[in-house]
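With the hints as extra help, turn the sequences into a complete structure.
Protein chains in written order, with our numbering: chain A, 51 to 272; chain B, 51 to 272; chain C, 51 to 272; chain D, 51 to 272.
Hints are not guaranteed to be accurate.
[To be verified] Over 12 Å on every C-beta distance to chain A, these chain B residues come out as not near it, computed from the model: (1) Gly78; (2) Leu83; (3) Ala133; (4) Lys144; (5) Leu180; (6) Leu235; (7) Glu236; (8) Lys240; (9) Arg268.
[Claimed, not checked] Below, in silico cross-link-like pairs of lysine-lysine (DSS-like), each with a Cα-Cα straight-line distance of 27 Å or less: (10) A/Lys163 to A/Lys270; (11) B/Lys229 to B/Lys216; (12) A/Lys182 to B/Lys97; (13) B/Lys163 to A/Lys178; (14) C/Lys270 to B/Lys54; (15) B/Lys248 to B/Lys144; (16) B/Lys144 to A/Lys168; (17) A/Lys89 to A/Lys248.
Hints in this document: simulated from the structure, not taken from any laboratory. C-beta: ideal position from N, C-alpha, C; glycine also.
Number of protein chains: 4
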Amino acid sequence: MDVKLISFTPDPERTVAAAARMCYSPVGAKRILEDFSDKEVEDFLRKLVAMGHMSPIEHASFTFAISGISRSSSHQLVRHRIASYSQKSQRYIKEEDFDYVIPPFINNNPEAKEIYEKEMDNIRNTYKNLIKLGVHREDARFVLPNACETSLICTFNARSLHNFFKLRCCTRAQWEIRKLADKMLEEVKKVAPILFEKAGPPCISEGICREGAMSCGRIKNH
Amino acid sequence: MDVKLISFTPDPERTVAAAARMCYSPVGAKRILEDFSDKEVEDFLRKLVAMGHMSPIEHASFTFAISGISRSSSHQLVRHRIASYSQKSQRYIKEEDFDYVIPPFINNNPEAKEIYEKEMDNIRNTYKNLIKLGVHREDARFVLPNACETSLICTFNARSLHNFFKLRCCTRAQWEIRKLADKMLEEVKKVAPILFEKAGPPCISEGICREGAMSCGRIKNH
Amino acid sequence: MDVKLISFTPDPERTVAAAARMCYSPVGAKRILEDFSDKEVEDFLRKLVAMGHMSPIEHASFTFAISGISRSSSHQLVRHRIASYSQKSQRYIKEEDFDYVIPPFINNNPEAKEIYEKEMDNIRNTYKNLIKLGVHREDARFVLPNACETSLICTFNARSLHNFFKLRCCTRAQWEIRKLADKMLEEVKKVAPILFEKAGPPCISEGICREGAMSCGRIKNH
Amino acid sequence: MDVKLISFTPDPERTVAAAARMCYSPVGAKRILEDFSDKEVEDFLRKLVAMGHMSPIEHASFTFAISGISRSSSHQLVRHRIASYSQKSQRYIKEEDFDYVIPPFINNNPEAKEIYEKEMDNIRNTYKNLIKLGVHREDARFVLPNACETSLICTFNARSLHNFFKLRCCTRAQWEIRKLADKMLEEVKKVAPILFEKAGPPCISEGICREGAMSCGRIKNH
Numbered sequence: 051m052d053v054k055l056i057s058f059t060p061d062p063e064r065t066v067a068a069a070a071r072m073c074y075s076p077v078g079a080k081r082i083l084e085d086f087s088d089k090e091v092e093d094f095l096r097k098l099v100a101m102g103h104m105s106p107i108e109h110a111s112f113t114f115a116i117s118g119i120s121r122s123s124s125h126q127l128v129r130h131r132i133a134s135y136s137q138k139s140q141r142y143i144k145e146e147d148f149d150y151v152i153p154p155f156i157n158n159n160p161e162a163k164e165i166y167e168k169e170m171d172n173i174r175n176t177y178k179n180l181i182k183l184g185v186h187r188e189d190a191r192f193v194l195p196n197a198c199e200t201s202l203i204c205t206f207n208a209r210s211l212h213n214f215f216k217l218r219c220c221t222r223a224q225w226e227i228r229k230l231a232d233k234m235l236e237e238v239k240k241v242a243p244i245l246f247e248k249a250g251p252p253c254i255s256e257g258i259c260r261e262g263a264m265s266c267g268r269i270k271n272h
Numbered sequence: 051m052d053v054k055l056i057s058f059t060p061d062p063e064r065t066v067a068a069a070a071r072m073c074y075s076p077v078g079a080k081r082i083l084e085d086f087s088d089k090e091v092e093d094f095l096r097k098l099v100a101m102g103h104m105s106p107i108e109h110a111s112f113t114f115a116i117s118g119i120s121r122s123s124s125h126q127l128v129r130h131r132i133a134s135y136s137q138k139s140q141r142y143i144k145e146e147d148f149d150y151v152i153p154p155f156i157n158n159n160p161e162a163k164e165i166y167e168k169e170m171d172n173i174r175n176t177y178k179n180l181i182k183l184g185v186h187r188e189d190a191r192f193v194l195p196n197a198c199e200t201s202l203i204c205t206f207n208a209r210s211l212h213n214f215f216k217l218r219c220c221t222r223a224q225w226e227i228r229k230l231a232d233k234m235l236e237e238v239k240k241v242a243p244i245l246f247e248k249a250g251p252p253c254i255s256e257g258i259c260r261e262g263a264m265s266c267g268r269i270k271n272h
Numbered sequence: 051m052d053v054k055l056i057s058f059t060p061d062p063e064r065t066v067a068a069a070a071r072m073c074y075s076p077v078g079a080k081r082i083l084e085d086f087s088d089k090e091v092e093d094f095l096r097k098l099v100a101m102g103h104m105s106p107i108e109h110a111s112f113t114f115a116i117s118g119i120s121r122s123s124s125h126q127l128v129r130h131r132i133a134s135y136s137q138k139s140q141r142y143i144k145e146e147d148f149d150y151v152i153p154p155f156i157n158n159n160p161e162a163k164e165i166y167e168k169e170m171d172n173i174r175n176t177y178k179n180l181i182k183l184g185v186h187r188e189d190a191r192f193v194l195p196n197a198c199e200t201s202l203i204c205t206f207n208a209r210s211l212h213n214f215f216k217l218r219c220c221t222r223a224q225w226e227i228r229k230l231a232d233k234m235l236e237e238v239k240k241v242a243p244i245l246f247e248k249a250g251p252p253c254i255s256e257g258i259c260r261e262g263a264m265s266c267g268r269i270k271n272h
Numbered sequence: 051m052d053v054k055l056i057s058f059t060p061d062p063e064r065t066v067a068a069a070a071r072m073c074y075s076p077v078g079a080k081r082i083l084e085d086f087s088d089k090e091v092e093d094f095l096r097k098l099v100a101m102g103h104m105s106p107i108e109h110a111s112f113t114f115a116i117s118g119i120s121r122s123s124s125h126q127l128v129r130h131r132i133a134s135y136s137q138k139s140q141r142y143i144k145e146e147d148f149d150y151v152i153p154p155f156i157n158n159n160p161e162a163k164e165i166y167e168k169e170m171d172n173i174r175n176t177y178k179n180l181i182k183l184g185v186h187r188e189d190a191r192f193v194l195p196n197a198c199e200t201s202l203i204c205t206f207n208a209r210s211l212h213n214f215f216k217l218r219c220c221t222r223a224q225w226e227i228r229k230l231a232d233k234m235l236e237e238v239k240k241v242a243p244i245l246f247e248k249a250g251p252p253c254i255s256e257g258i259c260r261e262g263a264m265s266c267g268r269i270k271n272h
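Below is the structure:
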């Protein structure tokens with residue numbers, strides 16, 4: 051799995067703080083990014099996140115290039131509707147020698163790993179044979195497994211990212227999308243550390259767990 | 051593939067027309083659904099669609115139960131973000147004897163069909179063997195193919211449906227989602243015939259084709 | 051202020067519960083609404099809301115006709131983006147004798163009320179005089195006050211409503227939109243009592259207050 | 051009216067083209083922005099827009115600081131739901147000496163202008179008098195007119211902007227939001243000329259007019 055932040059709103063924290071300041075101060079739009087010390091930017095951001103007034107953080111967007119995740123994961127990822135996606139198409143791109151993801155549990159069990167890898171080889175062969183028989187890619191791909199690797203570019207604003215991290219960084223999320231979410235969080239923390247300092251599962255962002263009997267126990271249930 | 055309209059805004063066309071009337075007439079909100087003949091409802095709707103003023107048609111929602119489509123199709127379907135989805139989970143539900151979709155081209159080619167069906171049997175066996183080795187469903191599903199059948203419930207408003215039909219009823223859409231879109235359109239036409247009388251690909255809804263060299267030629271390119 | 055629920059997804063709680071059941075049970079789409087006792091429906095709903103798994107409740111939509119609210123309120127209302135609106139247009143409808151909202155504080159202060167009402171009369175006259183001078187409605191309306199009454203039809207799904215109630219039923223919300231939200235909540239509780247039994251400000255829905263020093267004190271701050 | 055593009059996705063056209071390339075080419079995510087000549091970027095963009103495949107252009111976002119527009123305009127603007135807004139609050143900010151917009155038609159008619167300006171003075175006085183009587187800002191603002199100037203920061207992605215320009219750059223749009231849209235288009239053309247070269251009303255973007263009898267006649271009706 052490879053996750054790279056390829057683009058983002060320049061100076062994202064100042065942009066967000068300026069937007070927040072617009073709501074509450076009689077400051078003109080023209081000079082909204084100026085006369086605003088780093089300390090003030092920081093204070094505004096902390097206050098917003100603490101009070102849960104999240105709308106101004108939408109002004110900062112983050113674009114990721116992601117590769118080496120399974121189609122299972124991408125199917126979960128694209129369910130987050132407040133985001134934009136451009137994904138490698140199995141209709142247009144040949145998948146003769148597709149790469150695939152191996153779940154860690156399977157990877158650690160030699161017997162399971164053997165039958166898993168054999169199945170992947172079988173599927174590759176079947177795919178190739180179907181292509182040879184004149185089947186189009188868009189139909190041959192019906193044999194491709196969930197494990198098949200995909201690549202995509204996605205853009206989220208900071209508010210939608212906070213929601214994504216809340217759901218997907220939780221230990222109850224599926225391991226692969228959790229790994230993806232953790233890497234995405236790591237990337238954005240590098241460029242917007244205050245904006246994302248409280249991002250993560252509810253036990254981190256809100257000090258609460260709502261998973262009931264399924265809780266991992268990291269903190270006491272609410 | 052099975053598509054059933056299981057619920058929708060009662061009297062959808064009257065609801066939409068009432069909303070449209072609200073914008074342009076000094077009529078009170080209380081009696082907005084009354085004093086409004088069927089003929090007036092019809093006229094309002096036709097005018098809205100003709101002028102492309104689509105926002106009032108959002109007030110009518112349609113909920114479908116869909117089963118027997120492939121995971122390939124559902125992956126395309128859920129990319130439509132202005133809609134709500136509840137899909138059968140491969141993390142929670144056992145898929146030992148999953149049903150699968152056979153693309154028509156493969157179904158019509160005995161040789162292709164044979165290797166396709168054999169592959170599906172192989173995958174079923176591998177899935178079962180992984181489960182026997184203690185692999186959890188959420189990991190065993192990595193071997194499941196795109197062909198695997200899924201079920202879901204989705205809700206679209208009429209405006210989002212119009213957009214969906216525009217893109218997916220086109221002959222250039224992939225055959226399976228096109229079949230799905232055609233069935234969904236058939237269902238809503240039964241209960242809201244005027245609202246959807248011009249729904250479909252741009253050649254029908256707008257009298258235009260933008261597919262350029264890829265056009266099916268049904269109408270002349272714009 | 052008049053708020054009327056004019057349309058909604060029939061049997062909203064059963065529809066939502068059926069969608070939720072689709073995710074976790076191997077039940078076919080065709081019979082998804084059947085074989086499902088009222089008790090089961092109720093249990094499913096309570097579990098969803100308790101765990102905060104809100105996506106299935108999006109399948110139920112509610113359409114309101116609202117009149118007698120100020121343009122101030124409608125400006126706040128339409129900021130809720132996951133909803134559909136059709137609002138009375140001041141560009142197309144004459145506002146010579148517009149009705150207006152009087153804030154309770156002003157209504158209870160005879161002196162303030164007098165200058166307020168006099169101002170409203172002035173504005174009406176100015177509007178009429180501008181129209182007489184050939185000014186179009188879309189320009190004459192520039193003198194109309196925030197107090198001016200408006201009517202609209204809006205449609206929210208249950209998830210977006212929960213969010214709306216969380217923000218706008220709070221004692222810290224502005225009095226008019228709070229009154230509107232309270233009335234909308236009252237309306238939907240009549241037709242979907244379980245779906246909305248925990249709807250309201252965070253002190254009710256989550257047992258938490260995040261308003262810090264601004265808290266009304268109904269419950270202790272988190 | 052002042053419109054300033056204060057932030058945007060760096061290198062927006064390359065970002066969009068890279069996302070589009072991801073869908074159709076077997077290129078890795080890691081090097082997606084590299085090995086891509088300016089000419090290739092340009093060709094990709096032109097093809098996307100020509101074919102109406104607009105989803106990749108969502109990856110570029112644009113943030114504007116806007117001031118000196120009326121509350122009438124901002125009410126129309128915020129109806130565009132696929133965007134983010136932070137607007138100057140009349141609940142929190144004193145409006146004793148509010149600035150206001152004068153519609154050109156009124157400005158050019160001395161008699162109309164006189165009664166318009168007198169009304170604005172009256173309203174200012176009434177606002178001040180209410181404040182003196184202890185009325186809170188959030189209630190005193192009920193007398194403020196639609197003409198009252200506001201400031202806001204908004205962020206749109208390129209796809210939502212295309213839709214905004216299609217509706218609001220049309221000669222049938224209200225004059226003020228049209229002026230705003232024209233200025234926003236001018237701003238983004240400076241930094242993403244290819245992405246927006248065909249942006250504008252349908253007569254420009256699609257070579258079509260759907261306004262029927264209301265058409266301005268710039269091109270023949272469809």
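Results for each hint:
1. Gly78: Holds, because the least Cβ-Cβ distance between B/Gly78 and chain A comes to about 33 Å, which exceeds 12 Å.
2. Leu83: The assertion about B/Leu83 holds, with a minimum of 31 Å to chain A.
3. Ala133: Per Cβ check, B/Ala133 is inside 12 Å of chain A; nearest 8 Å; violated.
4. Lys144: holds (15 Å)
5. Leu180: Answer for B/Leu180: violated, closest chain A Cβ roughly 6 Å.
6. Leu235: holds (22 Å)
7. Glu236: holds (24 Å)
8. Lys240: The claim stands: B/Lys240 keeps its Cβ more than 12 Å from every Cβ of chain A (closest is about 28 Å).
9. Arg268: holds (21 Å)
10. A/Lys163 to A/Lys270: Measuring from Cα to Cα gives roughly 37 Å; hence the hint is violated.
11. B/Lys229 to B/Lys216: holds (13 Å)
12. A/Lys182 to B/Lys97: violated (52 Å)
13. B/Lys163 to A/Lys178: holds (14 Å)
14. C/Lys270 to B/Lys54: violated (49 Å)
15. B/Lys248 to B/Lys144: violated (42 Å)
16. B/Lys144 to A/Lys168: Holds. B/Lys144 to A/Lys168 sits at ~22 Å (cutoff 27 Å).
17. A/Lys89 to A/Lys248: holds (18 Å)
Checked against the numbered hints above, the structure violates hints 3, 5, 10, 12, 14 and 15; every other hint is satisfied.
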